[in-house]
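**Q** Read off the chains here:
2 protein chains.
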Amino acid sequence: MAGQKGVSLKEVADKAGVSTATVSRVINSKTVVKGETELRVQKVIKQLGYRPNRVAQRLRTTRGASKLIGLLIPDIQNPFYVDIIRGIEQYAYAKNFAIVIGNFSQNEERQKFYIEILKSESVDAFIVAPFPGMNEYVKELVEEGYAVVCIDRGLANMDLDVVKVDNYQGAFDAVEHLINVGHTRIAHISGNTLIPTTIERISGYEAALNKYGIAIDRDIIVGRNSDHKSGVELSAQLLDMSNPPTAIFTSNNLLTLGALETIHSRGLKIPEQVAIVGFDDMYWAMSLNPPLTAVRQSGFEIGRITIELLHQRIADPTRPFVSIVLKTELIVRNSCGFKLKGM
Amino acid sequence: MAGQKGVSLKEVADKAGVSTATVSRVINSKTVVKGETELRVQKVIKQLGYRPNRVAQRLRTTRGASKLIGLLIPDIQNPFYVDIIRGIEQYAYAKNFAIVIGNFSQNEERQKFYIEILKSESVDAFIVAPFPGMNEYVKELVEEGYAVVCIDRGLANMDLDVVKVDNYQGAFDAVEHLINVGHTRIAHISGNTLIPTTIERISGYEAALNKYGIAIDRDIIVGRNSDHKSGVELSAQLLDMSNPPTAIFTSNNLLTLGALETIHSRGLKIPEQVAIVGFDDMYWAMSLNPPLTAVRQSGFEIGRITIELLHQRIADPTRPFVSIVLKTELIVRNSCGFKLKGM
Chain Z
0 MAGQKGVSLK EVADKAGVST ATVSRVINSK TVVKGETELR VQKVIKQLGY
50 RPNRVAQRLR TTRGASKLIG LLIPDIQNPF YVDIIRGIEQ YAYAKNFAIV
100 IGNFSQNEER QKFYIEILKS ESVDAFIVAP FPGMNEYVKE LVEEGYAVVC
150 IDRGLANMDL DVVKVDNYQG AFDAVEHLIN VGHTRIAHIS GNTLIPTTIE
200 RISGYEAALN KYGIAIDRDI IVGRNSDHKS GVELSAQLLD MSNPPTAIFT
250 SNNLLTLGAL ETIHSRGLKI PEQVAIVGFD DMYWAMSLNP PLTAVRQSGF
300 EIGRITIELL HQRIADPTRP FVSIVLKTEL IVRNSCGFKL KGM
Chain G
0 MAGQKGVSLK EVADKAGVST ATVSRVINSK TVVKGETELR VQKVIKQLGY
50 RPNRVAQRLR TTRGASKLIG LLIPDIQNPF YVDIIRGIEQ YAYAKNFAIV
100 IGNFSQNEER QKFYIEILKS ESVDAFIVAP FPGMNEYVKE LVEEGYAVVC
150 IDRGLANMDL DVVKVDNYQG AFDAVEHLIN VGHTRIAHIS GNTLIPTTIE
200 RISGYEAALN KYGIAIDRDI IVGRNSDHKS GVELSAQLLD MSNPPTAIFT
250 SNNLLTLGAL ETIHSRGLKI PEQVAIVGFD DMYWAMSLNP PLTAVRQSGF
300 EIGRITIELL HQRIADPTRP FVSIVLKTEL IVRNSCGFKL KGM
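First to last, the sequence lines map onto chains Z and G. Under numbering that gives the first Met the number 0, the letters of the first sequence match residues 0 to 342, in that order. Under numbering that gives the first Met the number 0, the letters of the second sequence match residues 0 to 342, in that order.
Calculated directly from the structure, the hints in this document are not laboratory data. Note that this is a predicted model, so its numbers are computed, not measured. Heads up, a few of these hints could be off.
As the list makes no split between identical chains, a pair holds if one copy fits it or if it spans any two.
[Unchecked claim] With a Cα cut of at most 25 Å, we get these calculated SDA-like pairs of lysine to any residue: (1) K111 with T21; (2) K94 with E107; (3) K66 with A124; (4) K94 with D218; (5) K163 with Y282.
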């Protein structure tokens, strides 16, 4: 920070006999009651005529009106969450929110850690995609008076503002499409079954099979984590069966990309040898081999609504909780094929 | 935070006549000198026998030893930065660093804003991919005593710890490969030319053409921003020329995905009708149509080294600055073709 008359932050610190960090804290402090150190630093600032730069000043002036929002993301490698982040940031600025992101990599302990870190850094509100085992922690945030909005899923035992999509219907549509083009032996690679989203997608898958009188075979419903590695390995496991499926419905885009890797590395043709439909569309899906049929959920729109709900919650902490459920859309491209021969 | 005897944070706040946020601040404060409010809150905490939960306590105990690191990312939509984040987080935990991410979406004003926000939130160190116009801000951070490591590019007028790749050689290898399989009319879609990385890649492109005596045609070197939209539009502009290129070298993966979208939407065959090689490999590149030939730079490894340098810098603020330049690797798949007929 270059000051008036060229006085630097470091010169102030040296003269006051404290660290630059302490000077910075004194400048930025909102506390009215001052200790001995604070008074000494302020005296030196005055003596030297130090003036912090304009951006920093404007920031301090506006921080009273602006809010710092902690955004806890389960997996930044998942393009769906990247879309949510884009939506959140696009609309956050209009509401004078600054967003700091903690990526906890689907790790429960790390999510706890980030909540505590962000609390100690005086975050004003939280946006969370709750991970298994986090119910109590998110409840505590609400009880402590933080504004909280949940994305992608809510909590089992507590009402909260939630923005999500109709996972059941999205999965149903994907599997019905596979049935309509002639498949009956349809596998499902699910995500982590402790996450409500996963369970809703399994239900939609089963409901579509039931509607068409296709028996559910538990051997071809496989799931581990909602990541790329699980997609690679579980698709290999399915294709190695003596009676492999003719089609796979994957529960998220990391699983889809993993399954595609296995299918391509074995030189299998899609959809002739194995069809695939994925939950989550990706903006490059038309450049995949072949162009991917996928269930589109708008992460960007989830982000927009999240900011709107958070804004309303901060303005009126007592307003009733709402759950916003967005429709999904099946984007039909070329990975499921058309009516199979002889069916 | 459930306390001993079931006393909640809110009860403490009510009895002290302050907000829960104030109680939380008093508990978390490292300041020795106490004001009137602080003393009152502490008295109530003692009276009620309130005890914050164990995770929070452990956190406060260890925060002296742990560091909060601000990570400023130019564009979270770019899978290359996602890889860097993964590498940084993987190794941060071993060093007792917690990472908070600010995504500034290639916006200079927003990057300034995040630096100021994170400074006011007492971040201990910064990891930055400097954006055009940010030189002075990053310099100030160093002058104010923050440990800083730059990723992907350094600053023009200041020595700093930098972790990057050999952009010149990576670009050279990609273009030489196109020449080796028979192309002579090779276009380049570059990124933002205010970013040093972009300039180094253009130099590598030109050097390869020069080595093989191919005249440089400025009409087929096009560039705007380092994003998907620019890839879509600039590739369309190239393909619309009366004398279009037979091959395109793209400067990053968002540009590559954009160019692929244009090529596929026009129904053109790769590599027969137009070849493409991209800087940046993607983990799903083998599932693209066709499997993409690409220059691989390891974002994960950049992340690992960044944490190592930051750790060393914090331990010894006076050690000499280093610039770590990692080698790239050309991954040859099927998007450039083999020796063209008649050449």
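**Q** Run every hint past the structure and note whether it holds.
**A** Do the hints match the structure? See the list:
Only between protomers do K111 and T21 lie at most 25 Å apart by alpha-carbon distance; the minimum there is 21 Å, versus 29 Å within a single protomer. Within a single copy, K94 and E107 get their C-alpha atoms only as close as 30 Å, which misses the 25 Å cut-off; across copies the closest is 19 Å, which meets it. In this assembly of identical chains, K66 and A124 lie within 25 Å of each other by CA distance both inside one copy and across copies; the values are 8 Å within and 22 Å between. Taking identical chains as interchangeable, the C-alpha atoms of K94 and D218 are never at most 25 Å apart, the minima being 49 Å within one chain and 43 Å between chains.
Taking the shortest alpha-carbon separations for K163 and Y282, only the intra-copy value of 20 Å comes in at or below 25 Å, while the best inter-copy value is 28 Å.
Hint compliance for this structure: hint 4 alone is broken.
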